[in-house]
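Following the hints, put chain D in place on chain F, whose structure we already have.
Listed in order, the protein sequences are those of chains F and D. For the first sequence, the working numbering begins at 1 and goes up steadily by one. For the second sequence, the working numbering begins at 1 and goes up steadily by one.
Take these hints with a grain of salt, some might be off.
Just so you know, same-sequence chains aren't split out, so a pair can sit in one copy or run between any two.
[What the hints assert, rightly or not] Distance condition first, Cα-Cα at most 25 Å in a straight line; then the derived DMTMM-like pairs of lysine to aspartate or glutamate:
no.: 1; residue 1: K289; residue 2: E149
no.: 2; residue 1: K65; residue 2: E267
no.: 3; residue 1: K14; residue 2: E250
no.: 4; residue 1: K288; residue 2: E119
no.: 5; residue 1: K288; residue 2: E250
no.: 6; residue 1: K65; residue 2: D35
no.: 7; residue 1: K305; residue 2: D98
no.: 8; residue 1: K289; residue 2: E250
no.: 9; residue 1: K289; residue 2: E119
no.: 10; residue 1: K14; residue 2: D70
Note that these hints are calculated values from the structure, not bench results. Predicted model only: the values in this text are computed from it and were never measured.
As a plain string of letters, each chain reads:
Protein chains: 2
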Amino acid sequence: MPVPQSLARVFRGKRVLVTGGLGFIGSNLVRRLVDLGARVATVDSLVPEYGGNRRNLAGIARQVKVHIADVRDWPRLPRLVAGRDYLFNLAGQTSHMDSMTDPQTDLDINCRAQLAILEACRQHNPTVRIVFASTRQIYGRPDYLPVDEGHPLRPVDVNGINKIAGESFHLLYSRVHGIAATALRLTNTIGPRMRIKDARQTFVGVWVRRLIEGKPIEVWGGEQRRDFTYVDDAVEAFLLAAARPAAVGEVFNLGGPPPVTLRELAELMVRLNGGGEFTVREFPGDRKKIDIGDYFADDRLIRAKLGWKPRTDLETGLARTIAYYRAELKHYV
Amino acid sequence: MPVPQSLARVFRGKRVLVTGGLGFIGSNLVRRLVDLGARVATVDSLVPEYGGNRRNLAGIARQVKVHIADVRDWPRLPRLVAGRDYLFNLAGQTSHMDSMTDPQTDLDINCRAQLAILEACRQHNPTVRIVFASTRQIYGRPDYLPVDEGHPLRPVDVNGINKIAGESFHLLYSRVHGIAATALRLTNTIGPRMRIKDARQTFVGVWVRRLIEGKPIEVWGGEQRRDFTYVDDAVEAFLLAAARPAAVGEVFNLGGPPPVTLRELAELMVRLNGGGEFTVREFPGDRKKIDIGDYFADDRLIRAKLGWKPRTDLETGLARTIAYYRAELKHYV
Numbered sequence: 001m002p003v004p005q006s007l008a009r010v011f012r013g014k015r016v017l018v019t020g021g022l023g024f025i026g027s028n029l030v031r032r033l034v035d036l037g038a039r040v041a042t043v044d045s046l047v048p049e050y051g052g053n054r055r056n057l058a059g060i061a062r063q064v065k066v067h068i069a070d071v072r073d074w075p076r077l078p079r080l081v082a083g084r085d086y087l088f089n090l091a092g093q094t095s096h097m098d099s100m101t102d103p104q105t106d107l108d109i110n111c112r113a114q115l116a117i118l119e120a121c122r123q124h125n126p127t128v129r130i131v132f133a134s135t136r137q138i139y140g141r142p143d144y145l146p147v148d149e150g151h152p153l154r155p156v157d158v159n160g161i162n163k164i165a166g167e168s169f170h171l172l173y174s175r176v177h178g179i180a181a182t183a184l185r186l187t188n189t190i191g192p193r194m195r196i197k198d199a200r201q202t203f204v205g206v207w208v209r210r211l212i213e214g215k216p217i218e219v220w221g222g223e224q225r226r227d228f229t230y231v232d233d234a235v236e237a238f239l240l241a242a243a244r245p246a247a248v249g250e251v252f253n254l255g256g257p258p259p260v261t262l263r264e265l266a267e268l269m270v271r272l273n274g275g276g277e278f279t280v281r282e283f284p285g286d287r288k289k290i291d292i293g294d295y296f297a298d299d300r301l302i303r304a305k306l307g308w309k310p311r312t313d314l315e316t317g318l319a320r321t322i323a324y325y326r327a328e329l330k331h332y333v
Numbered sequence: 001m002p003v004p005q006s007l008a009r010v011f012r013g014k015r016v017l018v019t020g021g022l023g024f025i026g027s028n029l030v031r032r033l034v035d036l037g038a039r040v041a042t043v044d045s046l047v048p049e050y051g052g053n054r055r056n057l058a059g060i061a062r063q064v065k066v067h068i069a070d071v072r073d074w075p076r077l078p079r080l081v082a083g084r085d086y087l088f089n090l091a092g093q094t095s096h097m098d099s100m101t102d103p104q105t106d107l108d109i110n111c112r113a114q115l116a117i118l119e120a121c122r123q124h125n126p127t128v129r130i131v132f133a134s135t136r137q138i139y140g141r142p143d144y145l146p147v148d149e150g151h152p153l154r155p156v157d158v159n160g161i162n163k164i165a166g167e168s169f170h171l172l173y174s175r176v177h178g179i180a181a182t183a184l185r186l187t188n189t190i191g192p193r194m195r196i197k198d199a200r201q202t203f204v205g206v207w208v209r210r211l212i213e214g215k216p217i218e219v220w221g222g223e224q225r226r227d228f229t230y231v232d233d234a235v236e237a238f239l240l241a242a243a244r245p246a247a248v249g250e251v252f253n254l255g256g257p258p259p260v261t262l263r264e265l266a267e268l269m270v271r272l273n274g275g276g277e278f279t280v281r282e283f284p285g286d287r288k289k290i291d292i293g294d295y296f297a298d299d300r301l302i303r304a305k306l307g308w309k310p311r312t313d314l315e316t317g318l319a320r321t322i323a324y325y326r327a328e329l330k331h332y333v
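Pulled out of the complex, with its shape left as it was, chain F reads as follows (with noise of 0.2 Å):
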């Protein structure tokens, strides 16, 4: 991908932490930033049920400073915010699931550890511009599509909640305290250095794993439309909200090509692999309690206000997804 000058002329020689930067949008993150000159460290807990991956940083692991350390470690949170730049703060329980039956596990990562990064950042480095990962499950389920960013927030699960509370904080440090922040609320993304373990952090990586390994899907329901940002329109994102000063104190949705029902996500998927089969069953009654429905963002005030635009659709961000994990597969099961 060409590099805007804009933004090299940004981030060169600047001092960047990435959080969750072994995950799969932080290292594709990280890997950007590294290519526009920046000075970047990491820290990623490496908690197995979570994202991050070293395989992840395949390439260029020595360009990068890996801190294996958790959020949730406050003391060691000071040395790892002062000095910085930019903080990219993309560390994150993300199941719904887990949410649900490890509850406090998700408050302390999503929404303690959140208030401790802050309350480090407003001690030890004030100045610094900082990036949150936000997510769509804030919103439940909508009331209107396009969900825009007005659009009440009232999530259907613990994860939802804890993560109203973390952007927040964000918000709140940068009204009152002067740190300035942007939330971006992400929808589901998908790319080379997702999880395909499992469902923890997107369906889309357990079918893809599913498809290359010969295995049928299972579509739950089925007639669901979702949008799908790929990474790189992704991380593109961050890097704008970082860079441009109007995004201070902001919360933007990202959204990505036209929304897509599930069935015919599958029936893309499948093609691309060049085979396989899907089936399509009943939400199970846990997972239906917490499902939010349709949902696909309006994502007009980041293009306004920022000139992002997704520019990946979606059947090549899924073939370049596929080709990635049949190169990698045996990194990432």
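Same frame as chain F, now just chain D:
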């Protein structure tokens, strides 16, 4: 106050736990529940900066089982919640300023401990009926007045963010796990047994104290309009919310008599006190950042659904409050 027959029928002989039961609203609720014939236990941390005061149960202490425990002390929660028919969950950190200077403590009490209480209920007492004390602080600066329950939540301080999470956990557990819960969004509540040492619970407390002590009171701003619920009316709302099936899973604003400006409130209090002085000054800078301006509640929903209404006018409520502290001052300062 006459005991409505129906509430006595609901609560007589019932096993009730009140968290924050030595605090302001909690202790008034405990006293009423004892009158109604309930078997009442309380949990209170008696942290000196919070609202708990043993004097609040004067005269009924032997009829109430008092557990001095902190809701942050998880291992104790299962035994505290087990076997209760009702849980009135009022334990909380209420100071907006403290939430900004020590945000993690606010989070641990108002957010994390609430989740622990609900998990304890889910595992050890899923049939308990819960009423949670939420707050108008979660609305932030109103977009319109009066503020109804559909108003956007845009908290201006850490306390508001954590109270949203605490409230959301209750509603989620009600919806997903079937633990019947109701949340009441309280506005300023006044009356006997409120904290008057300082403004941590309500600025009205410190005003009452200073007037009785013959000291001038400070009015910050002065033109903000606010509503005030007399504590007996708030207690009635908690009881109705617990007693009425229509309240399950719902959120209700509590309001009060017609709102007044803070200057009008000061004038009224000076008059009821039979003298005193107040000065009007600009907001201190650190408080201005988190002030919400005008606020008063639209409480038509609870009036319509539960038949609640505020019965005590502001003058009567303030007069009773001042009379209480004239007699009891030494136990509260």
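Here is how each hint holds up against the structure:
| no. | hint | result |
| --- | --- | --- |
| 1 | K289 to E149 | both (24 Å within a copy, 24 Å between copies) |
| 2 | K65 to E267 | neither (41 Å within a copy, 63 Å between copies) |
| 3 | K14 to E250 | within (23 Å within a copy, 49 Å between copies) |
| 4 | K288 to E119 | between (37 Å within a copy, 21 Å between copies) |
| 5 | K288 to E250 | between (32 Å within a copy, 21 Å between copies) |
| 6 | K65 to D35 | within (15 Å within a copy, 65 Å between copies) |
| 7 | K305 to D98 | neither (35 Å within a copy, 36 Å between copies) |
| 8 | K289 to E250 | between (31 Å within a copy, 18 Å between copies) |
| 9 | K289 to E119 | between (35 Å within a copy, 18 Å between copies) |
| 10 | K14 to D70 | within (24 Å within a copy, 46 Å between copies) |
Going through the hint list in order, the structure does not satisfy hints 2, 7.
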